[in-house]
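A.B. asks: One-letter residues, chain by chain:
Number of protein chains: 2
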Amino acid sequence: MRTRPLKVALLGCGVVGSEVARIMTTQADDLAARIGAPVELAGVAVRRPGRVRDGIDPELVTTDATALVKRGDIDVVVEVIGGIEPARTLITTAFEHGASVVSANKALLAEDGPTLHRTAEEQGADLYYEAAVAGAIPLVRPLRESLAGDKVNRVLGIVNGTTNFILDRMDSSGAGYVEALDEATALGYAEADPTADVEGFDAAAKAAILAGIAFHTRVGLDQVHREGLTEVTAADIASARRMGCTVKLLAICERAVDGRSVTARVHPAMIPLTHPLASVREAYNAVFVEAEAAGQLMFYGPGAGGSPTASAVLGDLVAACRNKVRGARGPGESAYAQLPVSPMGGAVTRYHISLDVSDKPGVLAQVAMIFAEHGVSIDTVRQQGKSTPEGGAPPAGGGEASLVVVTHRATDAALSATVEALRKLDTVRGVASTMRVEGE
Amino acid sequence: MRTRPLKVALLGCGVVGSEVARIMTTQADDLAARIGAPVELAGVAVRRPGRVRDGIDPELVTTDATALVKRGDIDVVVEVIGGIEPARTLITTAFEHGASVVSANKALLAEDGPTLHRTAEEQGADLYYEAAVAGAIPLVRPLRESLAGDKVNRVLGIVNGTTNFILDRMDSSGAGYVEALDEATALGYAEADPTADVEGFDAAAKAAILAGIAFHTRVGLDQVHREGLTEVTAADIASARRMGCTVKLLAICERAVDGRSVTARVHPAMIPLTHPLASVREAYNAVFVEAEAAGQLMFYGPGAGGSPTASAVLGDLVAACRNKVRGARGPGESAYAQLPVSPMGGAVTRYHISLDVSDKPGVLAQVAMIFAEHGVSIDTVRQQGKSTPEGGAPPAGGGEASLVVVTHRATDAALSATVEALRKLDTVRGVASTMRVEGE
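Each protein sequence line maps, in turn, to chains L and Y.
Just so it is clear: in the first sequence, position 187 is 187 by the UniProt record's numbering, and no numbers are missing.
Just so it is clear: in the second sequence, position 257 is 257 by the UniProt record's numbering, and no numbers are missing.
Please note that a few of the clues may not be correct.
Simulated pairs of lysine-lysine, BS3-like, Cα-Cα distance not exceeding 25 Å [stated by the list, open to error]:
| hint | chain 1 | residue 1 | chain 2 | residue 2 |
| --- | --- | --- | --- | --- |
| 1 | Y | K360 | Y | K424 |
| 2 | Y | K70 | Y | K7 |
| 3 | L | K70 | L | K7 |
| 4 | Y | K360 | L | K7 |
| 5 | L | K70 | L | K151 |
| 6 | L | K151 | Y | K7 |
Simulated from the structure, these hints should not be mistaken for lab results.
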């Protein structure tokens, strides 16, 4: 074993950073044995220097992150600040000064991954980011390496713990969205401003990263279709139950059937209770991968939290350090396939549509005609009178009824055009909800 | 990209080998892009040269595997022959002639992994074996690399598809073991001689490999406690159901609570229906990993079959080839911890014990005394008369009753000593079954 220690700079010392520092200290011997060299914390950049940090030598703490990454003797920089700037500049500077980088920064990787990868490549450095997607769950490495000889066709993931907690609560207690969000906030699963989670921004960043790796294609954040879960109602969850489904906020990355394009999207969807993702409860994450030779794989675990995220960071840190010791490099970006990324209209899915309609004869025929005109085939229809007592005659002016239609698979463009046309029908008083159905 | 192709020798061309060859041909461009160099099949060693092999140039086929691995121009040898010899000698010879090796050979890795690793190390070559454990499921790489900065405390896996299929059938249909085995054989899930699967040899080899990686400790095949599932009865499965459990053949690798030793074992066990492993159906595999920082992770997928195993082999092939191109090496054996491997008696578990007892007063007190004498605490007891009509008086000589005891956690030594002592009680006519309870 080499005796000169590898030097690690830690950028950020919040929930994740402090756990990384703690494990680096308490597990130092194990890490040294696994790396083949001792590893030491050489500096910790923070914003608020005054705060006491258990187990971290105050001498190591600095507010000058730039000076730290420019020191020149740093082997690996661990970036757990989050956000675009100053993280991007610091990482770039770190590469330019000979360091490899381990990052947990999904926003930055999704926004500017290719540039960071290129800089790492030019400098002969490593860029690892397992912690950026699904916390502790090994996912980036299995996709980049274990499945490197296979052809991934589909990635279907629950990659945001906050929204899974909210949907799980709505499903198990019948609570509405606001009530479930309040509970998530009270329990610390949702932040004071939950926008990034509930509007799907967090999941979209992860979808962009996963699609990029899975399809060897750069997928920009703006190419990921994104819908949050704020409009999911207790009625939607109840409807899902009636068809043997539950509602999950899914990140879906798919190769088109002809293999010539890919799509990436985040939205709530109904999935059958028999699907392995349906039983992912509380704030857990899970990612389902369909590959041509491997078949269906699932990876499950805690998607967030200080310790789980630190586990992923440290796995990457060991890899980056091993490479430093051996003068080797890990796999870089693989974007050779450069498949076009189709907009949402090109995605193939199924819709569950709830319509409020006039309760009079001929409505179903009219509705069915609209589907047929758009080339969308209907799987099931459930018709339910609201104002008409069972067996009674409809009121003179026609009462209200609801019609629940589940389609077969069609492009999202055809499905949404169908919904638009339905809205224009005189007999359709409103489209109560539409939700996609996945995982079949 | 370098233009000189990497040369691959394939040892074995059965179900897995032919699929590896097929994918190497059909996905050649993708593999080249991911490796950074073209890769070509340079030779295929088989036992029966006469058989036609679709898509494989007959010129490449040879029966002289030794000459093939000695050629000197082979970059990577893929060994999918299985068994100890000639696989071991061929792999060693391959290393000595400059090749890296990808193997799917669980028996050999479990029996002689350390020697192979040492030879690879001496020759500066790579040894990869993702396919040796749980087929397509990325498990070896996540344990070796993704969790390299964490402390794994427990691995609990369904790693044999044949036995999971049998137990799943017994559970869903109430079939007995023989009937379920017959169905597995008819459907091709069990081999004509099912011994390796049903007696747990296959799972034990995987447990040895997993324990070795998880605990950075060499675990010999003879250190893995092994019980098959041939004695599991329909009554056991029914008992499991009554306590909200199902029966699975589990490979369990555990670090002792004091952290100073490890155990590895394979046996049938009851697990709660709420445990993620309980819903692993048919011939699927899944491995549950508990790590200190990461928490609970699960990896799920097809554990066998030509295509899934080929997927794992090809992932390793890409890794080995990338290393060849870059002049780098993957992680070698990590056995620095050298923790002692405790025998089964040291494992901590719970027992579900069914006793046939005399149906007379005082039996439960006698039985409870035996548990107390062995320091084993009882969780629940269910007492059921067999010959006594409900509320009726027992026959003069005392009829038969059954007593089902579920214990709290204790060492397997204490639990099995308790069972031995129970057998000696006059009032205990027989121990109908004992089964461990795990996953809580």
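A.B. asks: Now tell me if each hint is right for this structure.
C.D. replies: Here is what the structure says about each hint:
no.: 1; hint: Y/K360 with Y/K424; in the structure: holds, 17 Å
no.: 2; hint: Y/K70 with Y/K7; in the structure: holds, 13 Å
no.: 3; hint: L/K70 with L/K7; in the structure: holds, 13 Å
no.: 4; hint: Y/K360 with L/K7; in the structure: violated, 73 Å
no.: 5; hint: L/K70 with L/K151; in the structure: violated, 40 Å
no.: 6; hint: L/K151 with Y/K7; in the structure: holds, 22 Å
Violated hints for the displayed structure, listed by number in ascending order: 4 and 5.
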